[in-house]
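In terms of our numbering, the sequence shown opens at residue 34 and continues consecutively.
Note that these hints are calculated values from the structure, not bench results.
Be aware that one or more of the hints could be misleading.
To be verified - Quick list of in silico lysine-lysine cross-link-like pairs, DSS-like style, CA-CA up to 30 Å:
| # | residue 1 | residue 2 |
| --- | --- | --- |
| 1 | Lys440 | Lys697 |
| 2 | Lys387 | Lys681 |
| 3 | Lys189 | Lys697 |
| 4 | Lys387 | Lys656 |
| 5 | Lys395 | Lys681 |
Stated by the list, open to error - Computed spacing ranges between beta-carbons, pair by pair:
| # | residue 1 | residue 2 | range |
| --- | --- | --- | --- |
| 6 | Arg350 | Arg478 | 14 to 24 Å |
| 7 | Ala144 | Gly119 | 29 to 39 Å |
| 8 | Asn242 | Thr437 | 49 to 59 Å |
| 9 | Gly77 | Ala161 | 18 to 28 Å |
| 10 | His604 | Pro404 | 53 to 63 Å |
We put the beta carbon where it would ideally sit given N, CA and C, even for glycine.
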Amino acid sequence: MAPAPPGPTVPPLWLWTARGMVGIATIVGIITLGQAIGVWVAVGAGALALLAAWLPVGVAVLRVAGAAVVATLGLLAFNVFTHPFGRPPILLGLLIAVVVYAWGAYWFLRAGLTRRVSLIVGSTLALAFVIVLPFAFGDREEGTAKVPARTAVASKLDIVLVAPAGAARQQSGPAAYTPSTIGRDFDVRWSVAVVRDDVARFVLRGSDNEAQARATVDEALTGPRASGGGETAESGTGGDAPAPDPRVPLEPRPGADVLVLLLVDGSVTELPEPRALAPVAATEREVGRWRRIGRSVAPDGAPLYALLQSPSAERLRAWARFADPGGAVSTRDVDAPSVTEAALTLAIGAPTAKADLALAFKHRPVLLFDPSERVPLPLSIEGLFAAGRISQCEDRRVSGSDCTVVKDPRALVNGGTHLEISAERGDQLTSAIYVHPVGEERSGRRLLYLDYWWYLPSNPAGAGYGAFCGAGLVIPGISCFDHESDWEGITVVIDRTGDEPRPIAVHYAAHDAVVRYDWTELRRRWDREPRLARFSSGVEDATARPLVFVASGTHASYPVPCSRGCVQTAHPNLEERVHRGTLPWSGNDTTRCREYRCVRLLPTRAAGTLPALWNAFEGVWGKRSCVLRVYCDSGSPPAAPGTQGRYKFPARYGGYVRDGRYRKVAFTE
Numbered sequence: 034m035a036p037a038p039p040g041p042t043v044p045p046l047w048l049w050t051a052r053g054m055v056g057i058a059t060i061v062g063i064i065t066l067g068q069a070i071g072v073w074v075a076v077g078a079g080a081l082a083l084l085a086a087w088l089p090v091g092v093a094v095l096r097v098a099g100a101a102v103v104a105t106l107g108l109l110a111f112n113v114f115t116h117p118f119g120r121p122p123i124l125l126g127l128l129i130a131v132v133v134y135a136w137g138a139y140w141f142l143r144a145g146l147t148r149r150v151s152l153i154v155g156s157t158l159a160l161a162f163v164i165v166l167p168f169a170f171g172d173r174e175e176g177t178a179k180v181p182a183r184t185a186v187a188s189k190l191d192i193v194l195v196a197p198a199g200a201a202r203q204q205s206g207p208a209a210y211t212p213s214t215i216g217r218d219f220d221v222r223w224s225v226a227v228v229r230d231d232v233a234r235f236v237l238r239g240s241d242n243e244a245q246a247r248a249t250v251d252e253a254l255t256g257p258r259a260s261g262g263g264e265t266a267e268s269g270t271g272g273d274a275p276a277p278d279p280r281v282p283l284e285p286r287p288g289a290d291v292l293v294l295l296l297v298d299g300s301v302t303e304l305p306e307p308r309a310l311a312p313v314a315a316t317e318r319e320v321g322r323w324r325r326i327g328r329s330v331a332p333d334g335a336p337l338y339a340l341l342q343s344p345s346a347e348r349l350r351a352w353a354r355f356a357d358p359g360g361a362v363s364t365r366d367v368d369a370p371s372v373t374e375a376a377l378t379l380a381i382g383a384p385t386a387k388a389d390l391a392l393a394f395k396h397r398p399v400l401l402f403d404p405s406e407r408v409p410l411p412l413s414i415e416g417l418f419a420a421g422r423i424s425q426c427e428d429r430r431v432s433g434s435d436c437t438v439v440k441d442p443r444a445l446v447n448g449g450t451h452l453e454i455s456a457e458r459g460d461q462l463t464s465a466i467y468v469h470p471v472g473e474e475r476s477g478r479r480l481l482y483l484d485y486w487w488y489l490p491s492n493p494a495g496a497g498y499g500a501f502c503g504a505g506l507v508i509p510g511i512s513c514f515d516h517e518s519d520w521e522g523i524t525v526v527i528d529r530t531g532d533e534p535r536p537i538a539v540h541y542a543a544h545d546a547v548v549r550y551d552w553t554e555l556r557r558r559w560d561r562e563p564r565l566a567r568f569s570s571g572v573e574d575a576t577a578r579p580l581v582f583v584a585s586g587t588h589a590s591y592p593v594p595c596s597r598g599c600v601q602t603a604h605p606n607l608e609e610r611v612h613r614g615t616l617p618w619s620g621n622d623t624t625r626c627r628e629y630r631c632v633r634l635l636p637t638r639a640a641g642t643l644p645a646l647w648n649a650f651e652g653v654w655g656k657r658s659c660v661l662r663v664y665c666d667s668g669s670p671p672a673a674p675g676t677q678g679r680y681k682f683p684a685r686y687g688g689y690v691r692d693g694r695y696r697k698v699a700f701t702e
């Protein structure tokens, strides 16, 4: 009797278990891909994997492509499961990723190929996707350029006050001078020149004493000096060295910004009420005369400003082409309590900086955080410096750490350095947001862009439940966007053409997009929808301030809340983290905001056109480690606002929302 033919072979339990694990990992990976990139991408990946699994073994290309997709999804799933335990060190993570990837590809291919072929192809795919792909598409240029020369951040100001002798028009202010606060973080040196018979002679050079500079100007304005001019003992000449010729122009310090302020109408050193000063009439040929005087004391190219005790538009027009860089300003516009503070105002920000800051306070955003936010408040940079929470570190070090705690932003150095910031939830840290006002005239309108910025200590974007920043998938800027530090914000557009400045639009920054919303449409929605009106309830001046719902982790800004199924406005196929807005910022309260100066000007120089101090630091704010420059443990941290596109071009936006619909634009304002 012939033996019965053998029956079908039943795979052992361990084989079913391995295939089941691959299947589960594939499903989790598809869900992860959909959450991070988009539903249709996930559906396409799943369809390709399923098609490849059912195709005959002979269709090698699709079979291998299916193995790559399944292995990638499996690695995503592995990172999701291990995310709560933290990311492994870079080299260990690469090894784990290669093993997991090869294991997934092997079991997918094993269904139709031999063990040996499956192992070879799976291992090759693992090396290609985990090792070669990041090296091919990662930023290999980062960190390869020659380290630039070390230079201190811009923080030096050399200011020259030019006073006409005996030109005081009223009693001087009190002898006890109140020091200016706006320039306290800068390294300022004061010089004073006195004008007699159209010739300017220095009577003070390079003093770090603001009170001395005011006293010297006050003495010059009230009458001729008994000594007949010349250098003072405080000029810095020292010892028996001969004083320089008082008619020789100022020699600025290396790296210092120079500004010359001409006190054309004399006035007084203390200006407690600049708007109450009596106007002064123009004199014959005054513009050309003072231009020659200003150029005689300043180095070539230094900004010349003429301070006029006159609100006359006709007189200011006559001075319109006085100097470039520089110009003529009225004491009423500068609105500074002293001539030294007026000079600092012009050296650091725009002539209207005080009025701009008042508008920025009035229209500051109502910040609303999600309760899941790690550190739900914008941190004061000055507070971090004062508390010793900021360290400057070398970008390249062979071993160990070469970091120095920095408490004075003037000590920051550009060129091969980065900052490391220590701040966690529960720390007793001060809070503040920053603004960079930028004025512009457009089509007959006077616009002011109040460009707000705030700092948060981390950016745990968590794309794909953390899968894209796990073992072997950290490609900064491509797959992983988690990083230390985050600078975010919005821009409020103010029309100050008429008597009363008014907001006309808000630009919300979200990831790589800036979206414009019409103010009237926003205000109507915030006031009329009950679910939104409650966020303004009890907020002082709420009708003049935009609501900003900060997305958890990513910190993207939105005008309305979202508790589930959130997407990015400019990229509706990409998911966004929740932004429920139930945790308000303490600075939303006007009284508390005034107490700790919760709205501050970003440090600038050159009349507000260039960044200064920590805003001019060119390195990144945060640390990360990399192997061979492309295998890193996080995305790249951001740099200071002064280095970023929205700061440089606050009027630009990539799209706008009208009647609830987003429209991309091919132009920018």
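Of all the hints numbered above, which does this structure not satisfy? Sort the numbers upward.
Hints 1, 3, 4, 8 and 10 contradicted; others consistent.
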